[in-house]
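Visitor: So the chains spell out like this:
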Amino acid sequence: MPYTISMTEADLIQGCLEQNRLAQKTLYERYKNAMYTVAYRVTGDYDLAEDVLQDAFIKVFRHLSGFRQESTLGAWIKTIVVRTALSKIKKEQYTASLDQIPPDTSISWSHRLDAEYLEKAILALPTGYRTVFVLIEVEGYGHQEVADLLGITVGTSKSQLFYAKKRLRETLGKPE
Amino acid sequence: MKFRIFLCFCFWSILHWGFAQNGTMQVVTKRIDKTFSYRDGYSLNIEGERAEVRVETWSKPEIKIQIVFTAKHSKKEQAEKDLEKMRYITNKEKNKIYLRNYLEVPEGSPEPQSQLVATYVITMPGECPLYIKNNYGLIDAKDLMSSLKLNTRFSRIGLENIIGDIDINTSFGDLFADNLDGNTKIVSRRSDITLKHMRGRYDINAQYGILNFFATEQLRDFNLKADKSNVFIHTLQPGAFSYNLSVQNGRVDYPNELKFKLLDMKDTGIKKITFKPNKEYYPNVTISITFGDLFIGK
Amino acid sequence: MESLNEKNLKDALRQLPQHQAPEFIWDHIEQHLEREGYLHQAIAELPIYTAPDAIWGRIEAELAKGGKIRRLATWGWSVAAGVAIVVTAALGLYQWNQTQGQVSYAYSEEKVTPTNSPRDWDDAEADVQEVQMLFANFCKYQAQNEEDCALENELKELNAAKAELKDVMARYGEDPDLIRELSQVEQDRSRVVKAMVEKIQTS
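Protein chains in written order, with my numbering: chain A, 1 to 176; chain B, 1 to 298; chain C, 1 to 203.
One or more of the hints may lead you astray.
Unchecked claim - Below, a list of computed lysine to any residue pairs in the SDA-like style, where the Cα atoms sit at most 25 Å apart:
#1 B:Lys279 <-> C:Leu46
#2 C:Lys166 <-> B:Ser74
#3 C:Lys111 <-> B:Gln26
#4 C:Lys166 <-> B:Gln78
#5 B:Lys279 <-> A:Thr72
#6 B:Lys133 <-> C:Glu164
#7 B:Lys225 <-> B:Asp267
#8 B:Lys81 <-> C:Glu109
#9 B:Lys279 <-> C:Ala44
#10 B:Lys276 <-> C:Tyr38
#11 C:Lys162 <-> B:Arg156
#12 B:Lys30 <-> C:Val103
#13 B:Lys76 <-> C:Val103
#14 B:Lys64 <-> C:Gln102
#15 B:Lys279 <-> C:Ala42
Claimed, not checked - Not close to chain C: a few residues of chain A, all C-beta gaps over 12 Å, as computed:
#16 Ala10
#17 Glu70
#18 Ser71
#19 Ala124
#20 His143
#21 Leu149
#22 Gly151
#23 Tyr163
The hints are simulated quantities; they were obtained by calculation from the structure and are not laboratory data. Ideal Cβ placement from N, Cα and C applies to all residues, glycine included.
Next up, chain A with everything else stripped away, as it sits in the complex:
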């Protein structure tokens, strides 16, 4: 049976487990752009993102038998990409603790934001802030998951997110 881009995930996984190169490529094609984007946002560097994508997919194909289908395949691959990306970037000091966060933790965004400027502002954040912001706000992870991924406490994750948003708010300016 030929492997095609529209094949079901189950068929593709089976093909990859049988080391079928076409199935592997089809799976890669399906997720490459979404995963490259995640890798780029976490690392903030195109070259690093390429390395991350390469290493992560090699891990995906080598460890696919360990995929237990407890999440979607996309979510499983994304976690591998994120872990690989995190291992590539310099370990940041996640020093802020929960008690440093003011009681009102949300930042007000009272005007329309341009996605292009937002992207630039995200990439300009310090690595620690950027990682937490991207994982939580863009990729939809919870604080507990981020805490596990980064080896920090939930409180630190919350404070990093607060300061990331504060920095973004300052960078993007106030409404005219």
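Model the placement of chains B and C on the given structure of chain A, informed by the hints.
Guide: Just chains B and C now, with coordinates in the frame of chain A:
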């Protein structure tokens, strides 16, 4: 009574004479049958002129070729003479099989007076790559699963169940395809396009056409650049795709359930829409239209 | 007894009070939406990047390192070469036999229903040329921009298409399919010529 019989006879004679003069064509056909054995890495290349090319597949490792040349004229002798002006080549060079038909009129000879047409009926393995160039005819192909490249002018194209790399360049012809799956690239000019049950990736550049696209859940990416064309996107799940739409000097119509944010730049006549579903993986629909309307619906 | 217990349990469950959600919860949700709605809107519009094509090649090379390649023993090569020569020769002979092909002829008659449609596709050529000339002048002296003159190229393209089709009809005969193609081109030409006249009149 005799007079009535005479009248009937006259009427029948006139009718019979009319048919003999205008109503009957003498049809002369020349049929060439040839079979090539097929191995992995072989490809079939057809260059047709005024040809109808029909391609089907089978599981035998053989490429069976039948070329029929037809000449129609009221006089059989003329049809026979003209038929011999239709020439053909069937060659195999290394792993490439070439088929070609053309018209050869020796210098000083009169142009053919018959209606001439060539018909190719090809039966081949589905995995054999196929390239067809054809003008003033038609192409009908189904069940291929490797690579298909078409280059046509003034020809209708009908495709069904094609998987793999598909590359189509057509002008002044219509394309109708059902069940394409793979990486499909289409460049068309003055051609109407209808693609049904779309799967895989598409990259389309079209001018002057009515473009109808019927997407399935397995549509992956869809890039369309259209000029002076009306575009209709039909899908049962319009909310499953990410959209990046730009329409200049045209109308955009979409179902209310899509909570699109429409950016209408009245000074430039450009309407822009971006929309992303809340998922990790979603197909991207990118459309740019100038001087044409866009309709998205079920 | 067991069923009575179950009934009692179900009755009790039905009688459990329904608690009202405190009003302030919606206020909090609304406050959050008001504060962060624009941010989430912009996040949803963030771009997707295209992974460079070269990455797959590197992945494939890495995967290939882990694969096993079966190799033939040295003596196997001699046997394989011998078999290959015999098979190639046999295939060549088979191929040569097969590709001779057969040619056959057949004769038949076909009834044709005459139509009343005249071969009048050149009747309006003088009018088309006149409009084309007027439009050329319009482009030279009156047109405001290049876009105004786009019709000129469109007509040239359609004129060339018509000439090409007439040439094909001269060589391959005027069969109904070609006449239909030609009529389609003529319809497009008429549309363009009318648009040219309108442009000249309204400028």
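Visitor: Now, for every hint given, state plainly whether the structure supports it.
Guide: Each hint tested on the structure:
| no. | hint | verdict |
| --- | --- | --- |
| 1 | B:Lys279 <-> C:Leu46 | holds (14 Å) |
| 2 | C:Lys166 <-> B:Ser74 | holds (21 Å) |
| 3 | C:Lys111 <-> B:Gln26 | holds (9 Å) |
| 4 | C:Lys166 <-> B:Gln78 | holds (21 Å) |
| 5 | B:Lys279 <-> A:Thr72 | holds (11 Å) |
| 6 | B:Lys133 <-> C:Glu164 | holds (17 Å) |
| 7 | B:Lys225 <-> B:Asp267 | holds (22 Å) |
| 8 | B:Lys81 <-> C:Glu109 | holds (17 Å) |
| 9 | B:Lys279 <-> C:Ala44 | holds (10 Å) |
| 10 | B:Lys276 <-> C:Tyr38 | holds (15 Å) |
| 11 | C:Lys162 <-> B:Arg156 | holds (17 Å) |
| 12 | B:Lys30 <-> C:Val103 | holds (7 Å) |
| 13 | B:Lys76 <-> C:Val103 | holds (19 Å) |
| 14 | B:Lys64 <-> C:Gln102 | holds (12 Å) |
| 15 | B:Lys279 <-> C:Ala42 | holds (16 Å) |
| 16 | Ala10 | holds (21 Å) |
| 17 | Glu70 | holds (25 Å) |
| 18 | Ser71 | holds (21 Å) |
| 19 | Ala124 | holds (14 Å) |
| 20 | His143 | holds (16 Å) |
| 21 | Leu149 | holds (19 Å) |
| 22 | Gly151 | holds (25 Å) |
| 23 | Tyr163 | holds (15 Å) |
In summary, this structure violates none of the numbered hints.
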